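Residue numbers (this note's numbering), protein chains in the order written: chain A, 480 to 758; chain B, 287 to 676.
Be careful, since some hints might not be right.
[To be verified] Think about it this way: if two alpha-carbon atoms lie no more than 30 Å apart in a straight line, the pair counts; the simulated DSBU-like pairs of lysine-lysine are: (1) B:K390 - B:K463; (2) A:K639 - A:K494; (3) B:K437 - B:K424; (4) A:K569 - B:K463; (5) B:K405 - B:K590; (6) A:K567 - B:K463; (7) A:K516 - B:K390; (8) A:K567 - A:K494; (9) B:K521 - B:K537; (10) A:K567 - A:K639; (11) B:K437 - B:K352; (12) A:K516 - A:K569; (13) A:K569 - A:K547; (14) B:K390 - B:K521; (15) B:K521 - B:K352; (16) B:K352 - A:K494; (17) B:K463 - A:K494; (18) A:K567 - B:K590.
[What the hints assert, rightly or not] Rough simulated footprint, nothing fancy, chain A against chain B, three-plus residues with beta-carbon under 8 Å: (19) 328 to 337; (20) 444 to 454; (21) 503 to 509.
Hints are computed from structural coordinates only; laboratory data are not their basis.
Nothing here was measured: the structure is a model prediction, and the numbers come from that model.
The C-beta atom is built at its ideal place from N, Cα and C for all residues, glycine as well.
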Amino acid sequence: MSATPINPLVPEPWKVQRVHRDTADTFTMELESAGGKRELPFAAGQFNMLYVYGVGEVPISISGNPTKPSSIVHTTREVGPVTSALRKLKPSDHLGLRGPFGVGWPVVEARGADVVIVAGGIGLAPLRPALYQLLAARNYYGKVVLLYGTRTPADILFRKELQNWHSRFDLEVHVTVDRAMGNWNGNVGVVTTLIPRAPFDPHSTVAMVCGPEVMMRFTVQELEKRGVGLENIYLSMERNMKCAAGFCGHCQFGPAFICRDGPVFRYDHVQPLMAVREV
Amino acid sequence: MPTGDAQQSNSSILDRSQLDLLFGALAERGYHIVGPRVRDGAIVYDDVASSADLPVGWKDEQDGGKYRLVRRNDEAVFGYAVGPHSWKRYLHPPLVRLWQATRKPGGFEVTPEPINPQKTAFIGVRSCEIHAIQIQDKVFLGGPHVDVAYKARRENAFLVALNCGQAGGTCFCVSMKTGPKAQSGFDLALTEVIEKERHYFLLEAGSDAGAEVLSALTLEPAGPEELAAAERVVKNTAAHMGRALDTDGIKDLLYRNYENPRWDQVANRCLTCANCTMVCPTCFCTTVEDVTDLGGEHAERRQKWDSCFTLDFSYIHGGSVRPSARSRYRQWMTHKLGTWIDQFGTSGCVGCGRCITWCPVGIDITEETRAIRESETAPKRSAREDANGD
Ligand SMILES: Cc1cc2nc3c(=O)[nH]c(=O)nc-3n(C[C@H](O)[C@H](O)[C@H](O)COP(=O)(O)OP(=O)(O)OC[C@H]3O[C@@H](n4cnc5c(N)ncnc54)[C@H](O)[C@@H]3O)c2cc1C
Ligand code: SF4
Ligand code: SF4
Ligand code: FES
């Protein structure tokens, strides 16, 4: 399905088209192939390995629109050497790209059901492509609900888009912050507090969850309390990744290679190991 | 094997004095030859020019954390088991460059490492090692992505197997069903037979390339006596395994025991030195290093062996996923004997015993497995102990 190169370990040069600063530590980058026009078809939830010349390489989810694969979009939070080097890139700078890799969100499988998307922090980035796809085929779904939590109002990603989505009749958007500051008059509290009141039919719902591991654990608990079947809950897992091709062993999570069998997993498939520490 | 079948066998006899004919034939066909030789008190794999370079008359004594070479009382060429090296150092080398990049106006250009492996003949590949190679084939060639460099190295390798005439003190290939006789996956296979008056090899072909070499050597065909003698050699080896491991239901056993207290005990001894993973012929994990020259004109990525015993291995922003030695040993052993089966349809252990021998504190994968198995039946035992007590 994907245009993964013959040698999956060799990056291809891509060019920065635009950079947008989302928050103090997070930025969104649009890329186009440096070797002339080229599309990179991808599925919502897949990721690329991005290489900054001379610095290093990191896995970053694709945050753009799968129905417009000519521009590849990544939203990255700056946390260390490679992500800060990425942040310093300017339009027309080049970076190396390998991908796309992995198995994404069950957007097609969810047809006919309600969809609830639960995102924490940067976790909204890998979920945005799923939202684009749901909205592009909106008639196929029942209710579509986005529950999004960040630390503070200043950490909210994709503000304009959230506002647009908020004003749609066919999409429920609820945002909450851990700590309110300034003139915030929205929800305060962790994202899981939004679940009990969210308008979806638990018996016919597919949930897509991405955020820090603890947030995902509590989210699953709340969804389960509402009666969502564990087989209808999907999570995106994170582990160290070096190759993204199933060769380096770093991303193992029990029997799974997250780069190849994930990053998106059906919860009931990973449930036993989620309960074990340090797997 | 019934001798009736054996009479139709296309095995030949290679006298000890003719062993260099095989080296010659391989060299003539453009193969670089690597094989066992003695270095720094161990038998390692390295370039060998002729049979004189092989560890003639040596054997190894192995046990948990112990390895020692001693003289044999015969002139056996392959009278040892396996040493610290495995063939993965040739097929999946410890350090390889993946690509280089150079700066150019507006960006950089990436040049993949050229793939031009040398034709290489491996001499003395044990049955467990053939299985280990086939396991790495599944890792690098059997998934959705293919490691093209590995593929090329693998296609250019010529395997001369050696059916073991001597089990090492830590060997358990019989338990893992990986030896001591090579059944397939080789080009040629040798069995060394030493009798009072005679020292020879039974030589059989396992591939077209092997058959071609064999026919060029124009050797005497083996008769029923020689075939029977060779059969006795491997039978005797099979009967003298240094270790045993009960593989019955082993995957589920380990899946049930993520929280077994035995992991704490082994963690008290484990130094997380990673020796076991370096010597293991199936361990395949790697990391990458991105480097540049001072001026930044040139950059490259190197792939190096890595180990799940290091703290960095599982690092993600905020810390390591497996900070404790307990979780790292558990990861390694559960992978080898359990999750590997789900990942690749085979165990990740071929029973070569290297991890036991080369562990500085002698941690033994067979003993750890036994302890976990026995802990599940412990209630019965403790009931008995109670009954015996007052
Ligand atoms: C499938 C997947 C998708 C991801 N998608 C995004 C995304 O869309 N946006 C985003 O901001 N972040 C994402 N991450 C996390 C991102 O990869 C890390 O934040 C990044 O690797 C940190 O690298 P660093 O050098 O800046 O920082 P450091 O924390 O100093 O990292 C040093 C090295 O450790 C490794 N490492 C550290 N953290 C991680 C991690 N979380 N995952 C894998 N390797 C790590 C890398 O090899 C890195 O080079 C994703 C991770 C995975 C596994
Ligand atoms: S785990 Fe130990 S015995 Fe098994 S193949 Fe690896 S080194 Fe050999
Ligand atoms: S088991 Fe032994 S060889 Fe392996 S890391 Fe621990 S101490 Fe080192
Ligand atoms: S990242 Fe290397 S095996 Fe998954």
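Practice prompt. List, from low to high, the hint numbers that the structure doesn't satisfy.
Written response: When the structure is compared with the hints, numbers 1, 4, 6, 11, 14, 16, 17, 19, 20 and 21 turn out to be violated.
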